[in-house]
Structures are given as C-alpha cells and as structure tokens.
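There are 2 protein chains.
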Amino acid sequence: MAREPPRFPVPHVRLRRGVVGAEEAVRGYDYETRYFRQRLDHFSFLEEEGEEGDGFFQQRYLVGRGGGWAGAGGPIFFYCGNEGDIAWFAANSGLVWEAATRFAALVVFAEANLSSHLAPHRYYGESMPFGSKDKAYNNPKSLAYLTAEQALADYAVLLTDLKKNLSSEGSPVVLFGGSYGGMLAAWMRLKYPHIAVGALASSAPILQFEDVVPSTIFYDLVSNDFKRESLSCFQTIKDSWKALDAQGNGQDGLLKLSKTFHLCKTIKNTGELSDWLSSAYSYLAMVDYPMPADFMMPLPGNPIKELCTKIDNQPDGTSILERIYAGVNVYYNYTGTVDCFDLNDDPHGMDGWDWQACTEMVMPMSYSEDSMFPADKFNYTSYEKDCINSFGVEPRPQWITTEFGGHNISLVLERFGSNIIFFNGLLDPWSGGGVLKNISESVVAIIAPLGAHHIDLRPASKDDPDWLVRLRESELGIISGWLSDYYGARRGALLQRAAPIPWTLLHHS
Amino acid sequence: MAREPPRFPVPHVRLRRGVVGAEEAVRGYDYETRYFRQRLDHFSFLEEEGEEGDGFFQQRYLVGRGGGWAGAGGPIFFYCGNEGDIAWFAANSGLVWEAATRFAALVVFAEANLSSHLAPHRYYGESMPFGSKDKAYNNPKSLAYLTAEQALADYAVLLTDLKKNLSSEGSPVVLFGGSYGGMLAAWMRLKYPHIAVGALASSAPILQFEDVVPSTIFYDLVSNDFKRESLSCFQTIKDSWKALDAQGNGQDGLLKLSKTFHLCKTIKNTGELSDWLSSAYSYLAMVDYPMPADFMMPLPGNPIKELCTKIDNQPDGTSILERIYAGVNVYYNYTGTVDCFDLNDDPHGMDGWDWQACTEMVMPMSYSEDSMFPADKFNYTSYEKDCINSFGVEPRPQWITTEFGGHNISLVLERFGSNIIFFNGLLDPWSGGGVLKNISESVVAIIAPLGAHHIDLRPASKDDPDWLVRLRESELGIISGWLSDYYGARRGALLQRAAPIPWTLLHHS
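Just so you know, the protein sequences line up as chains R and V, in that order.
According to this note's numbering, the first sequence holds residues 1 to 509 in order.
According to this note's numbering, the second sequence holds residues 1001 to 1509 in order.
Excised from the complex, chain R in its bound form (with noise of 0.2 Å):
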C-alpha cells in the first residue's frame, strides 16, 4: 500500500473533541457572515431543471469592515478560502484584518466549493452543494465540480457581484491566501487580472506538480528541519523505522508497539503507526513557528528543537523507541491531557483533500535515501490505483501543469503577469514547491530563512521576532505600492476619457 501522500496544515480541524467554535475563535475580529448563490458549474451550460440539485449551492462569505472601510472605491482585500472551514482561516490570518485596518480595506474571506461543513471555497466548510456534505461526498458526480478552476471562477463572479452591489466597481481587490490557498491566490491574480490587483500567495507550493520539481523534495527538507536542531536527533529519527518493524514482527510485537506508545487500541500494523509519527514530523516542520502557536495543535515555540530535545535527553540506556515516543509526545500531548492515543482519532478518511488529491492535485512525493524516511520512490501506478479505488476517478497528473503552468516559470513569467508576492518560509517542507527566486520587479519571492508554514499570515503577536515583523512590513510596502499604481494609473484614465476621439475622426483618419 502506498504511503500516505502529506497535506496542507488545516488550523484546528483536526482537534475534534472540545475545540471552541470557528465562530468563537474570530471574535476578535468584526465580521458578518453573508452567502451567495453561486453556479456549480461554470464552464458548462448542462440543463439545469432535472439535474441533481438546481445547478447552484450557497457559498459562505465572511465580509468585515473592523478598521472602518474606505467606502465605494475603496480597496478590498480578499482572502480565497482553502480546503476547510473559511472561519479558521480567518481566525489564524491576522495579517488580512491587520493590513485592512491600515489601509480602510473592506475584509473578505470566501469559502472554497465545498467547503461549508467546515470553510470559503466550495465543498468545503458551510459551502456545500447538493443540501449536505453527505449528499456532495456521496459519489464522484456530486464531487466533480470541486476544483480549482471552478474555485476561482466562484471568486470571479462572488468579486463581480460584490462591487456591483457596493457600487463599488472601481475598488481594486488584493488577494491573499495561504497553503492552497495561496496557490489560488496566485492563479487567481494570473487567470484573473481583471478582477484583482495583485495577490500575496503565502506558502503556496504551485511547482509541487509533475516533475518541476524533484518528488524527493519535501521530505527532504522535513528531514534537514531535524538535522538543523540536532544531528543525533535525526539519526534517531532515521534508525527508528528499522527498530519499530524488528519489534512489530517480533513475538507480541504489535501490542509491545502499542504499549510503547500508548495508543488505545493495539494497532494490526506497523504501518499504521509509522504513518501516524511521519505525519507529527511533517506537520512539525510545517508548523515550525518560533513562538508559541495553537495551529493545527496547542506546540511551543520552535516545536522541533522541543521535540529533538526530548529525544535526545533522554537517560542512557533509553530505546530508540522510547526517545521517538518521548519526542512524538510534543506534537501529539504537549497539554498533557492525553491519557491514550486513538490513531483513528484522526482520520483523514474520504474528504474534499483527497479528491482533489485524486483529481488535479496530483503532487508526487518520493523519499530519499538522505531523508530521515525509509527511502520510497513515488509509484504513479498505485497512487492511481488507490484513486480508482476510493473514487471511481483517475487522476489527470499532468492537467495542473497544463492549466496553470510550473515549468520553467521564470522565463514565462518574467515578461508576463505582475504585483504577485511568493511568500515562503524555509523551514516549512511545502517550500520545495514554492517560488523562491524574484522572476520580475513585481512577482517577487520574500523568503524566511527562518519561517514555517504561511507564518507571515499569522496574528501579530508580542512574541514575533524582528525579522517577521519587518518582513510583514515588507509586503504591507509592496501592496500599498500596488494600490497607489492603481488609483495613479486610473486617475490618468479617467482624466483621458474626459476627451475621447471621436469615432469618425479615427473612421477616416
């Protein structure tokens, strides 16, 4: 069976027991939740009467005015909702509702498809077609429309309509997104110039498709996140793979296991529980933020040296085993709280993710033999098979590349497309796919040696070292750049049109 391909750090989702609402979490912020009646289909003209549902599903917006919105003209900034509910992703961009303050932006944040049991893009969060999120996950006609490009179309249209109805047709809109949606953010800005000024595309791995990048990449890089805090530590890490099968296949092993890491229930294979701890070290390195952070997890700042420091300072004599639960403990437990753990507690199961993983998303990952993973090529064949097998739908592995393009992206963007920043942070794994070099005066990269995933998004908070802090300064410079050429450049329009040429002076010139 094929490893489980990792994924985008999705805030709180995964705490499913006693989390405080998504509603709760922003109230620090003002807004108003609104929902639009947006097209399931944009790209088709299929008869809608006597299809499933009307061909329509409400999209949940989140619309704020906190820091007193510039009013019709003024700019708006909009932040395209990621795979999951759009309250969380509103509640952990501070940046967004910082910058609006500072700038009179009228806030946006949209759901993407179909994500209304959980967030602002569609199938995801409150926006779910077809009444339910049981009804829209049911099968792979109901999930068919949940891509990428549908997605920015829904943006399109929701931005059209909302300037329209704030007679606000003149406003410029910037886009912001993290992760995925950051991604969105970017495609959006080059699919939809019209609509939006620009767009800061915080940690958005858009080369992680096909072979723009090599698939041995992330884990790479997870790896060297270790090996940066504690070379011990990742050598640790590394023979753990090899003791953790010898007592898996041992007599008893998989209870020994079991009880080794106080899981609740005894597991039926090792692979289960090397899943479950490769995904602490990838979450870890994404989430890798230098001041305390309640994420996706309640973790310390700089969790990984937390983590390496537990590993290694273990008393002489501790098993590797020990060392890596005794480590494992800061991502998983670090309240203490947990008195068991229930791999199933977090179940990735059938969600809008994996089909889109099994769609478009198609991001392969290999493991090195220098990583501190057992060494894994990326094998296509299985990965659609598991596709075909979950979904009934075969991936379009090259479809990303062709849509959006990723090859050799310097030379296509450098006298194309503009006002794009490529925010990274070296430390988050998913950086490997990202944008790390300037490719124009305005699609530039800003890189954090020092930063994880989309950390410049996050809060500002007393904690924030000074390099994050000028670096947030940094983009908020670029985007009032932005804004000023664009109010400049539409003053000279407007002042142009005062004095068109006449039609027939140029019919018989």
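Hints in this document: simulated from the structure, not taken from any laboratory.
You can take every hint at face value.
Taking beta-carbon pairs under 8 Å as the criterion, some of the chain R residues facing chain V (in silico): (1) Phe43; (2) Tyr145; (3) Ala156; (4) Val157; (5) Glu403; (6) Phe416; (7) Gly417; (8) Ser418; (9) Arg490; (10) Ala493.
Quick look at which bits of chain V chain R covers, simulated, 3 or more residues with Cβ under 8 Å: (11) 1191-1198; (12) 1415-1422.
Beta carbons are placed, not taken as given, at the ideal position from N, Cα and C, and that holds for glycine.
Guided by the hints, dock chain V onto chain R, whose structure is given.
Quick look at chain V alone, frame taken from chain R:
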C-alpha cells in the same frame, strides 16, 4: 421578434452548392490531417463511464511543415480554430503559412470544440463529440461543452501533447486567429502564457460584450462604410425600409416585393426580406476588401463602392426598392448565375454559433437613429426568450467579462500581460469591439483605416495595396521580436541552470 444578431463571416460555409471541397481549397499548402483524443469537459471530473459517449471526442487538426520546420525547439505557429471547418480557415489564412516559411515554423491549425463537420474548434467541422453533428447538436446537454473556455483548454492540452511527442517542449508557440478565432488567440495568450509566447489576434471584438462599448457601434460602423462611399447610397438604404414596409403592407404587397427582389418563393412577412438585406450590408462591411476576394462569396474589390454605384447609377425614376435590388445583387449574385433568390438557402438554423450566442457570446446590438437601419434598442428580455425557446438555455450575459475581462482593459493590461497584437481594419464593423489603442509596449494595436475583417491574415496577392504589405511586415517584425526575446531568455536561463544554488546553502542562509 428580435432582429437577428450579426455573425462573423465564415468562409464559404454559406455556399451550399457547387462549392469546392475544403481540402481542395488548401491544396496550395502542404499539410496532413490528424486527430487528437480530446476531453469533452476539462473542468470537472464527472464519472466517464455510463455518461453519453465516453467523455472524449476526436479533435481534428492540420499539421504543415511547408517551409521546412527548424525541428525540435523550432517555433510552432498555431491557429486557434473558429466556428467552422478548420480547412477553410487554413485556406484563408495565408499569412500563417507564409510567415511559417520565413521563420521555419511548424504550422498547426486546430479545430474548435464541436466543429468537426465544418472546422478545429470543438463542435465545429469534424471535431464533433457524441459521434455525429446530429447527436452533438441534439440537445443542450450535448452542446453544454461548446464554450470558449473548453476550447482554450483543448488547445492547451493539444499543444502540450504535441510538443511532447515532437520532443520539442522548448518550442515557442505563436498563436494566430481571426474573428472569433482572434478572440480565442488573445484570450489564450492571457490565460495560458506558459503555452504560447504571443498572439496575433486579428479582428477580435473582445470588447463587444455587456456595456464595454456602445451597443450601437456595430451598425454605426456598417452605416459609415456606406456613407463614406456615397451619401446618396446611404440615404437610399436608410429610406428603403419604409418603402419596403409600405409596399409589403399594400395589396399583394408580399408578392410584389418577392417579384421585385426575384425571390424564388413569396415571403411571409417583410422581416424576412429586411433581414436578408441587412445581412448583406453587414457582411459587405466585414469583407469590404480592396481586392477581389472569394471569402464568403465571390466579390469584386471594394464591394460597397460597387454596390453604391449600382444603387446610385440607376436611371432617373428607378424606385428605391429597384435600386436596392440592383445593389444587393453585388453581394448575392456577383457572378450573375442566380435565377432567383432563396432566402432560406442561407439558413442560420440551429448551429454552433447560435448556441454560443445564446450562452456566453451575448453581444448586445442596437441600431442608432444615425445609422442607415431602422432604429432599435437591444432588448435583452426578448433575446433571452429566443434562447430559451431555441435551446432551453439561459444566456449568461455577464460571464465573458467576468471570465476574460473587458472593462478598463488598458488599465488592467498596462501592467499585466505581454506580446499580443490586436489587428483591426476600421471598415470592419467588428472593429467597434476591438482593441484600437496600444495598451503597453508589447500589447499593441495595429490599425488599418482602409482594412476590413482580418485582412492581414489573408493570403498575399499581387493586388495587395502597399499599406497591407507594410502592415503584414510590421506584424511579422513584432512576432520576430517575440521569438528572439524567447530564445535569448531561454539561453540565459539554461546558462543559469548550469550553476544551481544548492538547497542546503539556501536553507542555512
């Protein structure tokens, strides 16, 4: 009943009888016909099994190496097929073949979605999903995928595959297109900059949507073409509608009218006749070329001048309607072989463009008081009703500007996008919806005050006026610049790649 909206001129398709085969018409150019298994719906993942057909269709395309292709890495000149048989457009787009010889480019003409009994845009010509035209045009469900977005995705997929098969991924692609094909070429460059380095969009009225240009512009420009040749001709036509109604409403009026106009059958209402006349005027304005041409009909050079001479130079006492009859003979019967006119010989019927006009391609058309046509305002309600009656589909009149833009195009593209030539001949009424001013250094407008519909694309002929020869040279000069820029930048990129920055170094900076 709403007046029939104008259509783009489609070469020869209107000549149902005695027309030479499309293949024969392109015999001057050396090419082979190929087929590509194309996905019917690029933007969703509907289960393919169990659906009507298998979710694919055979897209026809023509490949020519006439001038001797430079081979792997050499340029590819790609014509974005229109609403008709690709072979006709290939025959009528001599510029592409001639330019290909000069640049040692591979020539590809691709049929637009459902064109296959007629052309390389899907649903046209031989590129017909569902096996046959009858089936594809059978109901809205089968026509559902006949959209510009799907056609662009077809081209992207086809080109990606083609380059791969030629081991020529590094080839720069230059897009060409005239009329609707020109719109597709411009949009393709904007949406797929990674697929093509530039586009020559000839007579592409990408602004003829919503309220971007005045809805009266088209018929004002038609009228100007007549006024420019002869004020009395213009006035005779302007007066003829009342005369036509007067005669039609009199005793045996429709019979008399049918006799005056040598119609094979007696008309049922005057509208039939006035549509037939309007249609001739509009098409004449589109193809008002300075040299004889056989694009839609065999016509003399400056056909409007010819028509006006006929109208003006009748003996004193000739009635308005007899003058009009003498005039339109220039369009409908220049060869003098027609005994009587069958208004239904030219049935627009239900075809691909009607479908497109009833879904995305809603171009509002009004007739101003100053035009030579009876004044009339665009009535969206009746337009919509006609579409529901014909196809059971509701148009989306705001969709094209949402998906592709249009409003404030200079402001949007001034700092975004590059390498597009918008050619327009100002005699062409479609120029009213064209881009007529330079937007940036490399998104430029080329205007021919005396040119008609995509005259630049037509094969060179000894009768070409100097301005046309010079104009084509300007276009090829610009395209040559795109190619050198591309090869220069690529060489630079390859040199850079020879000395990559090691990941670990970046990582610890």
